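Participant: Modelling step: build the complete structure from the supplied sequences, incorporating the hints.
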Amino acid sequence: MSARYDLYAPGNSWLHRLDPRVKLILATLAALLVLLWSSLPLLLAALALAHLLLMLARYPRGLVAGVWRALAPLLILIVVLWPIFDRRGELIVLALGPLIVTGEALLRGLATALRIAALSFTLLLWLGTTDQRSLVRSLVRLGLPFSLGMAMTIGLRFIPTFANVFQTVSEALQARGLDLPPRGLRRLRAMLPILVAALVTALRMSEQLGWTLAARGVGAPVRRTTLRDLAMRPVDWLALAAGLAAGFALLWLTLVEGLGRALR
Amino acid sequence: MQQGRAAPVRSGLSPRVIALAGVMIAVVFVATRLIQVPIPGGYVHLGDIAIYFAAFTFGPLVGAIAGALGPTLADLSSGFANYAPGTFVIHGLQGLVAGLIGWRAGLWRMALAGLVGGVILVGGYFIYDFFILRVGTGTAIADVWFNLGQAATGAIIAIPLVLAVRKAYPPIETWAARRAWQEEIR
Numbered sequence: 032m033s034a035r036y037d038l039y040a041p042g043n044s045w046l047h048r049l050d051p052r053v054k055l056i057l058a059t060l061a062a063l064l065v066l067l068w069s070s071l072p073l074l075l076a077a078l079a080l081a082h083l084l085l086m087l088a089r090y091p092r093g094l095v096a097g098v099w100r101a102l103a104p105l106l107i108l109i110v111v112l113w114p115i116f117d118r119r120g121e122l123i124v125l126a127l128g129p130l131i132v133t134g135e136a137l138l139r140g141l142a143t144a145l146r147i148a149a150l151s152f153t154l155l156l157w158l159g160t161t162d163q164r165s166l167v168r169s170l171v172r173l174g175l176p177f178s179l180g181m182a183m184t185i186g187l188r189f190i191p192t193f194a195n196v197f198q199t200v201s202e203a204l205q206a207r208g209l210d211l212p213p214r215g216l217r218r219l220r221a222m223l224p225i226l227v228a229a230l231v232t233a234l235r236m237s238e239q240l241g242w243t244l245a246a247r248g249v250g251a252p253v254r255r256t257t258l259r260d261l262a263m264r265p266v267d268w269l270a271l272a273a274g275l276a277a278g279f280a281l282l283w284l285t286l287v288e289g290l291g292r293a294l295r
Numbered sequence: 654m655q656q657g658r659a660a661p662v663r664s665g666l667s668p669r670v671i672a673l674a675g676v677m678i679a680v681v682f683v684a685t686r687l688i689q690v691p692i693p694g695g696y697v698h699l700g701d702i703a704i705y706f707a708a709f710t711f712g713p714l715v716g717a718i719a720g721a722l723g724p725t726l727a728d729l730s731s732g733f734a735n736y737a738p739g740t741f742v743i744h745g746l747q748g749l750v751a752g753l754i755g756w757r758a759g760l761w762r763m764a765l766a767g768l769v770g771g772v773i774l775v776g777g778y779f780i781y782d783f784f785i786l787r788v789g790t791g792t793a794i795a796d797v798w799f800n801l802g803q804a805a806t807g808a809i810i811a812i813p814l815v816l817a818v819r820k821a822y823p824p825i826e827t828w829a830a831r832r833a834w835q836e837e838i839r
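Residue numbers (the working numbering), protein chains in the order written: chain A, 32 to 295; chain B, 654 to 839.
What the hints contain is simulated information worked out from the structure, not anything from laboratory work. Please read these numbers as outputs of a predicted model, since none were measured by experiment. Take these hints with a grain of salt, some might be off.
To be verified - Pair ranges (Cβ atoms, derived):
hint: 1; chain 1: B; residue 1: 813; chain 2: A; residue 2: 259; range: 51 to 61 Å
hint: 2; chain 1: A; residue 1: 258; chain 2: B; residue 2: 813; range: 23 to 33 Å
hint: 3; chain 1: A; residue 1: 269; chain 2: B; residue 2: 823; range: 52 to 62 Å
hint: 4; chain 1: A; residue 1: 264; chain 2: B; residue 2: 798; range: 23 to 33 Å
hint: 5; chain 1: A; residue 1: 273; chain 2: B; residue 2: 691; range: 41 to 51 Å
hint: 6; chain 1: B; residue 1: 813; chain 2: A; residue 2: 86; range: 17 to 27 Å
hint: 7; chain 1: A; residue 1: 199; chain 2: B; residue 2: 760; range: 23 to 33 Å
Every residue gets a Cβ at the ideal spot worked out from N, C-alpha and C, and that includes glycine.
Facilitator: Next comes the structure, spelled out in structure tokens:
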């Protein structure tokens with residue numbers, strides 16, 4: 032059960048060094064713009080820009096390819112199914128009985144797939160260059176309650192632990208004769224003993240963790256201090272101001288002037 | 654080393670609930686991302702089973718936190734960041750409602766909670782697909798089939814799982830209960 036648990040790739044590029052709050056705010060604004068757009072050239076440009084920025088940040092090509100592989104089934108589904116339900120356009124490309132596929136519908140399906148891909152890669156600029164601790168710290172500084180941030184950190188820390196527990200229990204029970212059918216509801220039902228044992232182990236861990244947290248004063252009614260805090264540098268403020276100015280200008284053009292709302 | 658900062662305490666979650674929510678986030682993440690079972694026409698993951706387990710065993714608060722954050726982290730770490738906001742709201746609501754109806758309940762109330770949770774899951778993703786992501790009618794309908802399978806297997810497997818864990822490890826029945834120390838009156 033070897034798998035990556037996040038998309039972060041360590042590095043020292045300008046994008047890695049940028050304050051995680053700035054990256055989150057700008058990525059959210061960019062994602063909102065991409066969501067509003069339907070224009071094929073504009074979405075293509077957004078996707079190309081996201082890839083260019085990832086390349087400049089020396090983000091590994093293997094991880095970019097991995098995201099494309101994960102998205103591929105959804106993108107193919109959109110491109111294939113969209114023209115079947117959309118009859119807009121005069122140029123008929125294919126007519127098979129009740130199935131009529133128009134050129135415009137094909138382009139709209141392609142634009143929608145590009146929008147989903149552009150959205151994912153825009154957010155990858157934030158996720159791929161921000162380590163998990165900074166990510167949670169930035170969310171807490173932006174208003175997420177500390178206890179939820181702590182729960183999230185514990186969750187991220189325990190992912191490999193619980194994955195190992197599940198695998199160990201699964202192998203141990205199969206070594207003792209548990210028969211796992213290859214697929215279907217029968218496999219799910221056969222997995223019940225594994226799930227029970229793995230969950231009880233995980234819950235015992237959480238009980239010990241709760242005692243540890245209580246012993247260290249978590250939940251005590253005092254003002255908390257932090258060892259490593261986030262601090263905005265002048266370059267972060269500059270990036271935030273420039274990004275927000277560009278983002279809001281594009282948002283105004285999109286909402287008022289109709290930029291990117293048409294297909295072409 | 655950077656200078657420390659004093660921050661006010663903003664939430665009253667007890668250390669026990671923080672630890673429980675954290676571990677359940679990891680359980681939901683692993684069940685969503687790493688444990689997938691092939692079925693005819695595709696596969697199902699065990700994420701919904703884990704959310705129902707958290708909600709039925711530890712209540713609406715832990716159900717909502719684990720439901721919102723576990724699958725959202727799974728989306729963010731697998732390239733499906735476009736689904737993360739929808740997942741956060743839909744699965745969070747699923748865990749909250751399932752916990753409100755089925756916490757420490759018997760078979761029928763858990764079944765009802767599974768049904769309501771399923772409606773939230775299937776309806777929520779259809780609305781998100783169709784109106785927010787605008788992926789088109791065909792893809793939104795295809796997603797309904799996938800989510801129907803998820804919702805059904807989630808409820809069908811989670812209920813026996815909860816009953817089995819209650820039997821195997823009785824102390825969990827009282828875990829998420831608020832505890833107050835009282836002086837013994839003599």
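Participant: If a hint holds in the structure, say so; if it does not, say that too.
Facilitator: Hints versus structure:
no.	hint	in the structure
1	B/813 x A/259: 51 to 61 Å	45 Å, violated
2	A/258 x B/813: 23 to 33 Å	45 Å, violated
3	A/269 x B/823: 52 to 62 Å	59 Å, holds
4	A/264 x B/798: 23 to 33 Å	49 Å, violated
5	A/273 x B/691: 41 to 51 Å	49 Å, holds
6	B/813 x A/86: 17 to 27 Å	50 Å, violated
7	A/199 x B/760: 23 to 33 Å	31 Å, holds
In terms of the numbered hints stated before, the structure departs from hints 1, 2, 4 and 6, listed from lowest to highest.
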